[in-house]
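From first to last, the protein sequence lines stand for chains G and R.
One point on numbering: in this note's numbering, the residue at position 501 of the first sequence is 501, and numbering is uninterrupted.
One point on numbering: in this note's numbering, the residue at position 286 of the second sequence is 286, and numbering is uninterrupted.
To be clear, the hints were calculated from the coordinates, so they are not data collected in a lab.
Do not rely on the hints blindly, as some may be mistaken.
[Said to hold, decoys possible] Result set (BS3-like, lysine-lysine): computed pairs, CA atoms no more than 27 angstroms apart in a straight line: (1) Lys158(G) x Lys139(G); (2) Lys78(G) x Lys472(G); (3) Lys216(G) x Lys75(R); (4) Lys75(R) x Lys130(G); (5) Lys17(R) x Lys401(G); (6) Lys483(G) x Lys471(G).
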Amino acid sequence: MLGLANRAEIRFILLTISLLLPLCLLACSSNDRIAGYVHYRINYNPTTLDPALIVDVTGGLIAAKLFNGLVRLDETLKVIPDIAESWDISQDGTTYTFHLRRDVRFSNSRMMSAADVKYSFERILDPRGKSPNTWILEKISGAKAFMKGEDSEVSGIKISDPYTIQLILEKPFSPFLNLLTMTAAYVVPQEEVQRWGEDFASHPVGSGPFRLMEWKHNNHLLLDRNEHYFGGVAMSTGLRYRIIPEDITAITEFELGNLDIISVPASEYRRIMKADAGKNLVSSMEGINTYYLGFNCSRPPFEDIMARKAVSFAIDRKRILETFYENRGSLAHGPIPDILRRWDAPVLPDYDPAYARQLVEAAGLKGKKIQLYITADPEVVDIAEIIQFYLRNAGLSVMIKQLEWSSYKAAINNGEADMFWISWWADYPDPENFLFPLFHSSNHGPSGNRTRYTNKAVDALIEAGQKSSTKKERDHYYRLAEKAIVEDVPWVFFWHKTDITVRQSTLRNYRIYPIYSLDKGLEVSF
Amino acid sequence: MIPLLMGITFITFSLTKALPGDPVFSIVGERSSPEIIEKIRTEIGADKSVIRQYAGYVTLLLQGELGRSYYTNRKVVDEVGLKFPNTLLLAFAALVIAAPFGVLFGFIAALYKGRAADKILTMLSVSGVSMPVFWSGLLLMLLFSLRLKVLPPSGTGGLQYLVLPAITLSLPALATLIRVTRITVLDLMDMQFIRTARAKGLTETAINSIHIMKNALIPVITVIGLEFGSYLNGAVLTETIFGWDGIGRYAMEGIIKRDYPVIMGCLLIGTIVFVLMNLIVDIVYHYVDPRVRLHGTDR
Numbered sequence: 001m002l003g004l005a006n007r008a009e010i011r012f013i014l015l016t017i018s019l020l021l022p023l024c025l026l027a028c029s030s031n032d033r034i035a036g037y038v039h040y041r042i043n044y045n046p047t048t049l050d051p052a053l054i055v056d057v058t059g060g061l062i063a064a065k066l067f068n069g070l071v072r073l074d075e076t077l078k079v080i081p082d083i084a085e086s087w088d089i090s091q092d093g094t095t096y097t098f099h100l101r102r103d104v105r106f107s108n109s110r111m112m113s114a115a116d117v118k119y120s121f122e123r124i125l126d127p128r129g130k131s132p133n134t135w136i137l138e139k140i141s142g143a144k145a146f147m148k149g150e151d152s153e154v155s156g157i158k159i160s161d162p163y164t165i166q167l168i169l170e171k172p173f174s175p176f177l178n179l180l181t182m183t184a185a186y187v188v189p190q191e192e193v194q195r196w197g198e199d200f201a202s203h204p205v206g207s208g209p210f211r212l213m214e215w216k217h218n219n220h221l222l223l224d225r226n227e228h229y230f231g232g233v234a235m236s237t238g239l240r241y242r243i244i245p246e247d248i249t250a251i252t253e254f255e256l257g258n259l260d261i262i263s264v265p266a267s268e269y270r271r272i273m274k275a276d277a278g279k280n281l282v283s284s285m286e287g288i289n290t291y292y293l294g295f296n297c298s299r300p301p302f303e304d305i306m307a308r309k310a311v312s313f314a315i316d317r318k319r320i321l322e323t324f325y326e327n328r329g330s331l332a333h334g335p336i337p338d339i340l341r342r343w344d345a346p347v348l349p350d351y352d353p354a355y356a357r358q359l360v361e362a363a364g365l366k367g368k369k370i371q372l373y374i375t376a377d378p379e380v381v382d383i384a385e386i387i388q389f390y391l392r393n394a395g396l397s398v399m400i401k402q403l404e405w406s407s408y409k410a411a412i413n414n415g416e417a418d419m420f421w422i423s424w425w426a427d428y429p430d431p432e433n434f435l436f437p438l439f440h441s442s443n444h445g446p447s448g449n450r451t452r453y454t455n456k457a458v459d460a461l462i463e464a465g466q467k468s469s470t471k472k473e474r475d476h477y478y479r480l481a482e483k484a485i486v487e488d489v490p491w492v493f494f495w496h497k498t499d500i501t502v503r504q505s506t507l508r509n510y511r512i513y514p515i516y517s518l519d520k521g522l523e524v525s526f
Numbered sequence: 001m002i003p004l005l006m007g008i009t010f011i012t013f014s015l016t017k018a019l020p021g022d023p024v025f026s027i028v029g030e031r032s033s034p035e036i037i038e039k040i041r042t043e044i045g046a047d048k049s050v051i052r053q054y055a056g057y058v059t060l061l062l063q064g065e066l067g068r069s070y071y072t073n074r075k076v077v078d079e080v081g082l083k084f085p086n087t088l089l090l091a092f093a094a095l096v097i098a099a100p101f102g103v104l105f106g107f108i109a110a111l112y113k114g115r116a117a118d119k120i121l122t123m124l125s126v127s128g129v130s131m132p133v134f135w136s137g138l139l140l141m142l143l144f145s146l147r148l149k150v151l152p153p154s155g156t157g158g159l160q161y162l163v164l165p166a167i168t169l170s171l172p173a174l175a176t177l178i179r180v181t182r183i184t185v186l187d188l189m190d191m192q193f194i195r196t197a198r199a200k201g202l203t204e205t206a207i208n209s210i211h212i213m214k215n216a217l218i219p220v221i222t223v224i225g226l227e228f229g230s231y232l233n234g235a236v237l238t239e240t241i242f243g244w245d246g247i248g249r250y251a252m253e254g255i256i257k258r259d260y261p262v263i264m265g266c267l268l269i270g271t272i273v274f275v276l277m278n279l280i281v282d283i284v285y286h287y288v289d290p291r292v293r294l295h296g297t298d299r
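Pulled out of the complex, with its shape left as it was, chain R reads as follows (with noise of 0.2 angstroms):
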């Protein structure tokens, strides 16, 4: 993990290098002479070498510090730790929506493969994919906020002010379960085992509960997990529509200004967490799939 992030530190450093623009322009406003200019240069360390600035970065990061911002003059960290619950509240209540019923829907879709109820749902699926969320996220206000008045269209807070955002979020990962599910649930309902199992005489609801549910969930579960990796790195848009004060548009407005600190802190917070999310999906493989296991007992 170490040389993991140190690569990570380089290349993220390196990247916003190489970007064009430079944040002195946007930190002096409309009017500035050069002589402010060289100095607030000096004072953000834009002066020095590349190599310089890297090195300082890097003793900044062993410290525990990412810097402050050039804008705000406020500690990234403290800004981060923030924002950073509230995006992962958001990824949660998205997926507390998205895996329940993105699997559920998906395994009646198979179960009713060719009928009404498969059809509609492959429909739902198909459209939710398609459906950016700013133009969801917009229809959901529309109704919920405007037609309904029962949710405030924005704002960061209590539990009414995340279920919009919340579900704007989960609609495009509730897409993708119902299908990876249905097609999983239908590729195992030809199996060899699964006919064994009826041959037996159990019940459908012991094959379908047991049997096809649990081998279903691993494709499931590495979706989920994927998905959960992103939000967690902040939902621009949903965040932007519905004025929720995430990690997403943090770092957007970061990138905007050129705000290096901001920029690189964020890089790496999102570069963390989604090395931990994939730590936690292959923990979960482990449990769920004794193929998987490193020194399983049924081996």
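So that you can see chain G by itself, here it is in the shape it has in the complex (with noise of 0.2 angstroms):
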């Protein structure tokens, strides 16, 4: 039997909690740091910390503190040395010679050299592994055969001593250096990759400033400094990533200063601006990155260009930013940003109502009834939503889809909207990686050419582009191709989001970076 309480045991009961619970109370703190450690928000877990397989944001920002490339990006956006200490370029654009520093180590101690190189490049493109990264590194004289399993080894990689590395490209691509800036471009040592298998991924062992110390998934990652970095030895004694999902709790951490730096969530940027006058915390920067309105341009009515010219003369993209978005962006002016562009900028056509309801009525457009896919992001909704008011205003019915994300994306992979709202984040800084994924014919779908646009002209300015070996012929066939993708309007080119972070003003060093993997976290401290 149940032996059941009596009045007096349910006061004693009462008591005790009473008593137990401001106890806990007193003896709890809203305190959350680690001396000495820079605490940083992310959204969500890492997925994977293995370079050959990381897509996403945070394991290529977490990565960029534990690994190194051969070279990699400075604050401009500079190609400069990171691994290689120099490299020449062949006069044909094909031969990349790399001259490896002698003091790069391994957390684990062991020494890097050529060999490493070569051992991380096939890795990826190893027909075995299972890196979404192959294109990065497929360039390569002898990558595909290597992928396809006809050749035991990449033949355009070439030891020639322990510190050089060549690298043959099967025929020149200017940006190459900029793709060996990436993330899966890292070097790893072998021994620990044999060592952990399938779990190197959440064991990374890299040469970077840091190491990785703990790894609580889910709560958070503890990074130490690495004092035989050969690069530095960082200002704080290590780099803390709480792992925290919801804005509003991150906020909070914040505000008790549990964190010391977070990225300002829209619905407290004008809170935080506002708070923030006079003491210069926040930070922003453009990021590279565009937000746009794609159209299908391979079936009706989009394949019309003058239906998709009523669309973007119908939307009042400048009102929407400044109401709306509250300028936490920089009208687009084509579909590369700003800092990337080193030509003057396309003019894009203003907003003209009346014009776009006659393009309605020429196209045949009135009250057909066209679909816009969109995520289930609340923003995104709001946007969708000004997008629907505008178009109806000129005399077209739009249907708003929701969907969730990895059928948004299946869908729109597959060609299955007639509109839909995206943005593309650079992979590295070239204007050619806002040109030949999005834009380039033979990369329709997944590959990142949504819209299907096709055009055979742009395809060859291009290509005409990825060729060059100069600058300035480079820029030339760019800036061409941009002109011409404008004129074609494949896109309602939107916006660059701009990236706001605010931090504790005990912080020192701190600076923002326009690409996450080019903070190596040596210079901030407290």
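If you follow the hints, you should be able to join the two separate chains into one complex; please do so.
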């Protein structure tokens, strides 16, 4: 039989609880910091920290602290030495010779040599491996044969001595050095990869300024500084990445001083900007991204340029940016972000509702139902409704179809949508990255060209740019390609979103970078 | 139990296959070639027929495995083993708060029916049932973390991290328990046997604590059992708000990314837990209520 409490017992239980609770409250505090560590917030648990497998931003930004590539980017987006202290490029633009530093040490104490670079690159291309990032290295000659299993090594990767490695490309590809700054081109130690097998993803070992000490999944990652880092020892003891999915929770943690830097969520933007007046703790940087409304150019109604133009004239992008988006971005002048464009921006036509209505009539679109595919992100839902409003004024009836992320992605990759709202974020900071994947006709679908835009002249211009050896020549082709694209209106070009962060006043030497992978975490401290 | 589990694996497997969306697109990121997509599809076995996939999964289960996550490559069994204790702890803490207070307040409300105490408690329980956790949780965080600075707003770990999510999670159950207990006790008060007890000359304390309390327990146990069972399947919202590393958040992330092994694993574990909880509740009935005893001595 269960013993049942009588009143005296109940009173006793109550008394105990009421005594214990305040005791616990007194003993606890809201403080949650590790002294000397810089505290960051990330939204999600990184899926993997194996450079071969990383495709997400969170994984990439942490991997940047743990690993190094042959080259990296500086704040001005210039390619600078990393593991390679210098390099030569042959006249024809196909042979890259890298001279490696002799003082690079993995955090397991072994010295790095050219063989490690070769191993790491072949690991990405390995037919038995499952790296989704093969495209980064497949321009090296012999890579394709190796990927098919026809060859036991990549013929275009040649080690001349332990500190010199040659990469020979199939054909010249001007942004190749940019590709080598990416996460997948980081160098990993073979013995650790073999020791951990599939679990290397959670036990990464590299040569970077930090070492992973602890990864409590869905809780935090602790990185300690690497005392033997060839690029100098980090100013802070270490970095702590707290995994906090909810924005409002992150804000609370920040206000309590448990986080040193957070990116400012849209809902808090106005309040934080107001509170920051005079304090200068908010930093912002135009991100290398483009937000756009894409048309499916491969089928009616938007295979007709008149229909695409009608939509682009019907929407007041500037007004949406200024009001709804609170100027958290800069207006796009084309697909390429302004910081990457080294030529005069194309001029996009202004909002013209009357002309838009004429075009709708002329294209025979009046009253036609058009599907706009979006994700379930609340901000995107609002933008879609604003677009719907503008297009209704122009005589178009838009049906918003909201899908959850993976269904949405499948739908737009397969070309099911008439229009869709999406953004493109740079893999590497080169105009080519905003042209080739997004507009070249060989990349329809999941490779990036989700509008299925096809223009042979544009294809030729992009290819010519890829093959050019001088910057001037390259920019010439890219400028022409961008101009032709803007005239064809495969997108309504909206804006480039600005990254905005806020930090504690105790933090020193903090700076915001245009791409997450640029930040090695060396300078920031207290 | 075994046929039930087989049925569950079949249903959950069919449901995940019927979901729209494709995990491959999330695995490969924003830029990939058709060859890579095909390769990954082969890798995760998505190119085989559904029946062969199901057979493969059942074979895996029989070996005591739940597969590896498509994204993290970590074993689902290990992950569940890490996260389930957290969920259990949170569920248990919420229950420790909800059960005694719910019953006690419900009892008080019934004893003082129509009086101020009853009205206040009824009001509180109505608001407790109606307040969504993403709201009550944030209010608690605002008060205890930001204003009073006594509890950390998020994280998984010691007791201090547990308090806020546990209170948040307990509120709806607490409110339900107050209402259920109140109604049951009120019903019981009008029963013949209570009047008899009173006529026998028993004190009010004895009547309340033995005769009424004991009989009121049956519906209360049902509610507790159901609530606990659902807590053990993870409280997605509470876990997300407070950054608690439980099974609910794990399952949710799996669902968003179409990480089938994770979804299946969580569903399966969840079902087993739920079935077990029902079994435990039935056993408890057996002790509390002589009427449901199968081989009772007082039959």
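A quick look at each hint next to the structure:
With a C-alpha separation of about 15 angstroms, the suggested pair Lys158(G) and Lys139(G) falls inside the 27 angstroms cut-off, and the hint holds. Restraint check for Lys78(G) and Lys472(G): satisfied, since their Cα atoms lie roughly 16 angstroms apart, inside the 27 angstroms limit. The hinted pair formed by Lys216(G) and Lys75(R) meets the criterion: a straight-line CA distance of about 15 angstroms does not exceed 27 angstroms. As the CA atoms of Lys75(R) and Lys130(G) are separated by approximately 17 angstroms, the hinted pair is consistent with the 27 angstroms bound.
The straight-line distance between the Cα atoms of Lys17(R) and Lys401(G) is roughly 22 angstroms, inside the 27 angstroms bound, and the hint therefore holds. Our distance criterion of 27 angstroms between C-alpha atoms is met by Lys483(G) and Lys471(G), whose separation comes to about 18 angstroms.
The structure shown violates none of the earlier numbered hints.
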